[in-house]
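Asker: Next come the chains, spelled out residue by residue.
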Amino acid sequence: MSVKTLQIDGKMITGSDGDSIFTVAWEHGIHIPRLCHIGGISDVGACRLCLVEVEGQRRLQASCLTPVQEGMVVHTDTERLRAQRKLIVELLMAERNHVCAVCVANGACELQDLAMRLGVDHVRVRYRFPSLPVDLTHERFGMDHNRCILCTRCVRVCDEVEGAHTWDVAGRGAGCRVITDMGQPWGQSDTCTSCGKCVQVCPTGALFSKGKTVAEMEKDRGFLKYIVTAREKGQWIG
Amino acid sequence: MAERIVIHPVTRIEGHAKISIYVDAAGEVESAQFHVTEFRGFEKICEGRPFHEMPGLMSRVCGICPVSHVIASSKAGDGLLGVDPPPAAVLQRRLLNYAQVLQSHALSFFHLSSPDLLLGLDSPPEKRNMFGLVEREPDFIRRGIRLRQFGQRVIELAGGKRVHPVWGTPGGVLHPLTREARDEMAGWITESIESLQIALGRLKSLLDSLQEEIRHLGNFPSLFLGTVNHDGGLEYYDGLIRIVDSEGNVVADRLDPRRYYTFIEEASEEWTFVKFAYYKPLGYPGGKYRVGPLARLNVAQHAGTPLADREMREFKQRSRGAVCESFHYHLARLIEMLHSVERIEELLNDPELLGEDVRARALPNRREAIGSCEAPRGTLFHHYTVDRDGTMRKANLLIATGQNNQAMNMAVEQAARRFVRPGHLTEGMLNRVEAAIRCFDPCLSCSTHAIGRMPLVIELRDKSGRVLDRITRS
Ligand code: SF4
Ligand code: SF4
Ligand code: FES
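These protein sequences, in sequence, are chains S and X.
Just remember that the numbering used here sits 71 ahead of the position in the first sequence, which is counted from 1.
Just remember that the numbering used here sits 2 ahead of the position in the second sequence, which is counted from 1.
Keep in mind that the hints are not guaranteed to be accurate.
Cβ-to-Cβ under 7 Å is the rule here; a few derived chain S residues that face chain X [unchecked claim]:
#, residue
1, Val-173
2, Leu-207
3, Thr-284
Below, simulated DSS-like cross-link-like pairs (lysine-lysine); rule was C-alpha separation at most 30 Å, straight line [as the list claims (entries may be wrong)]:
#, chain 1, residue 1, chain 2, residue 2
4, S, Lys-304, S, Lys-75
5, X, Lys-282, X, Lys-206
6, X, Lys-396, S, Lys-281
7, X, Lys-206, X, Lys-318
8, X, Lys-277, X, Lys-396
9, S, Lys-283, S, Lys-296
10, X, Lys-318, X, Lys-46
11, X, Lys-46, S, Lys-283
12, S, Lys-296, S, Lys-281
13, S, Lys-283, X, Lys-396
14, S, Lys-281, X, Lys-46
15, S, Lys-290, S, Lys-304
Computed Cβ-Cβ distance ranges for the label pairs, DEER-style [stated by the list, open to error]:
#, chain 1, residue 1, chain 2, residue 2, range
16, S, Met-187, X, Glu-186, 43 to 51 Å
17, X, Asp-359, S, Arg-197, 43 to 51 Å
18, X, Glu-354, S, Ser-265, 33 to 41 Å
19, S, Gly-267, X, Arg-395, 21 to 29 Å
20, S, Ser-265, X, Arg-395, 22 to 30 Å
21, X, Asp-389, S, Pro-201, 19 to 27 Å
These aren't lab readings, by the way, just hints derived from the structure by calculation.
For every residue, glycine included, the Cβ atom is placed at its ideal position computed from N, Cα and C.
Bound conformation, chain S alone (with noise of 0.2 Å):
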């Protein structure tokens, strides 16, 4: 495999080819934003949180779908991508409804750290307050459009992983929802194998188990590098 050299805001680094430029910056202790990318399963370029600027190009970058090129100069952090970042979670919160102090997830939440991180102490854009459902029916685990982000990665991991494809996208913009088999209900999906992994990689408090009151929900991510180790390795190491 062939070795690429890059400069990321100001280091040299040394990537594979075919890697991602999120994935070589986090190898070398580059903390990129992200929220639909997830390690162990492929990256759509959802969220835009990973946003970077590439010296001699004039748009901005999802650092989990550009891979790696000899002599590039990557910045990750400047005035202009923590205004993009900024931004885009603030309109994340207002696109649906995200009230923290009162979410299953509040405390162990992506978006929320990612928030505060980025420092949004308030949302300057209008909030939709949106009506949407909470789908219950499934007996162990709960589905919460209020705080879906559409991210796939329930998507990517319940395709991919589990191979069920239970989830998938439908509607399109202000409509556009995450479904269970053909919209059912999820209590009724007959592809549903209950396995839980969307629920652990869903970044918010969408996806949950049922029976966990506010802040109670923490989620457990470190199955799915064992799992993809696993198949990809044959060694079973956690």
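Once you've looked at the hints, dock chain X with the ligands against the given chain S.
Answerer: Using the frame of chain S, we list chain X with the ligands on its own:
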């Protein structure tokens, strides 16, 4: 010419309140109304949510007595699951409810009411507040602050957060209590009991000089409603409802709080958002009743703890029947605080309190359940209906302010009749009307700041709405 005097808080109050006093052509007070525009949207917010979230959501109803809402909500949740929480969970809930009573009453008595009581209702307003009191009575006020801290610390140690603890849950509580936490709590007991005895002595010594207020700030017959335990003693967590009349006769006993709707009904008036609860068999408005500290002491035969029992015997001698003077809510509050500290001590000595098993688990087994407890201000009911999956369909909260609503209106009217002279408004009038409300310690007074008085405006208006006189205080 008929007139209307409007008193209403200007700022810094969540849930706005306003008092209108109607005066007839001869200048006599005709009637008074106490309007509260409480935030009633809460019940609506619950709809469609998983019922397991309710304790967390309900802890946001109020910044002063969140624990009581968490408890009533968790108990309703127990009912939906159809489980009994493990003993350690019940003990923890009891412990926190006493701590809640303690800290909420401490705020009401020491921070909000004692400037009036100790410095006098006619003392200069710029001195009649916590700061004035700190100058004059530093030790007394420090003790009050410490008592409140004790209550808050217990809640913090068990609930993780002082203001809005998310600690109770359907089926029990979230975490076992640690030994260190318990030991720290135990360290506060001696001082707290001493402080309460000092405060009780102090208040009782002042009562003679407050006869005018005692007689005219809400002194009238009514029913009293509260929870009692199996042998008729004070009870705050579990138990049955008893109702007594002003003569002290038991009107109804052993009523199941989970069937509150069979004996309590709510009436509406177009001039206020808070409903008027009444005892069904006597109708509206005849079935008016009071809840809270005074009511609990009137319905219970004894406290069940030695120091509070002594105080209660003395308290009961203040009247041949029930104690009907709303002013004695203050005294009742102090007795309840003493009782709470004694109960906290008992609970801390119970080895089961540290039990590891604190949560019973089940899928929802019932579609409807009611949880109740005695909150600092009175009996609290949470009534939930869910669908098969546990999605909230309906929530109904019956809170103390609604149950005391009729009595508060009467108290305000009585105070106004006695103290308000139309055409000429004085600070003293304002204080007395305010003090009448303060007896009940309704939620709106809790959201004013610890400075000790409500920001108010009194407006004296004629029929056409023209302002004749106005006093503002911020
Ligand atoms: S999902 Fe995260 S950001 Fe949204 S309300 Fe819950 S804790 Fe807050
Ligand atoms: S449910 Fe969770 S994982 Fe799925 S799209 Fe929404 S936020 Fe992402
Ligand atoms: S992490 Fe790259 S677009 Fe979401």
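Asker: Okay, which hints does this one fail, numbers in order?
Answerer: Hints 5, 10, 16 are the ones this structure does not satisfy, whereas the remaining hints hold.
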